[in-house]
Amino acid sequence: MKIVLRDDVEHLGRKGDLLEVADGYARNYLVPRGLAMKATRGVVTQADAMRRNRTARDARDREAAEELASRL
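When we follow our numbering, the leftmost residue of the sequence shown carries the number 481, and every step to the right adds one.
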């Protein structure tokens, strides 16, 4: 089953990742706990936005850390 992660899941992926997992794992664990949702066209578009936001946030954090490191 194709899913999109709504939150980071250890040993599986990060928020916004589009993954193929076993049907039972998705139905019985990920979806009921709100960690993932079934991948549809609209959800995949939202996942793209999540990944772009994550990438931008990581870049900002990295720049701030490099600036701090250079000051030290």
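Incorrect hints may appear among the rest.
As the list claims (entries may be wrong) - Calculated pairs, DSS-like style, for lysine-lysine (alpha carbon to alpha carbon, straight line, at most 27 angstroms):
id : residue 1 : residue 2
1  : 518       : 495
2  : 482       : 518
3  : 482       : 495
Just so you know, these hints were derived from the structure itself, not from any lab.
So, going through the hints one by one against the coordinates:
A C-alpha spacing of about 14 angstroms is found between residue 518 and residue 495, which places the hinted pair at or below 27 angstroms, so the restraint holds. Between residue 482 and residue 518, the direct Cα distance comes to roughly 6 angstroms. Compliance with the 27 angstroms bound is thereby established for this hinted pair. Taking the CA atoms of residue 482 and residue 495, the gap is about 14 angstroms. The hint holds against a cut of 27 angstroms.
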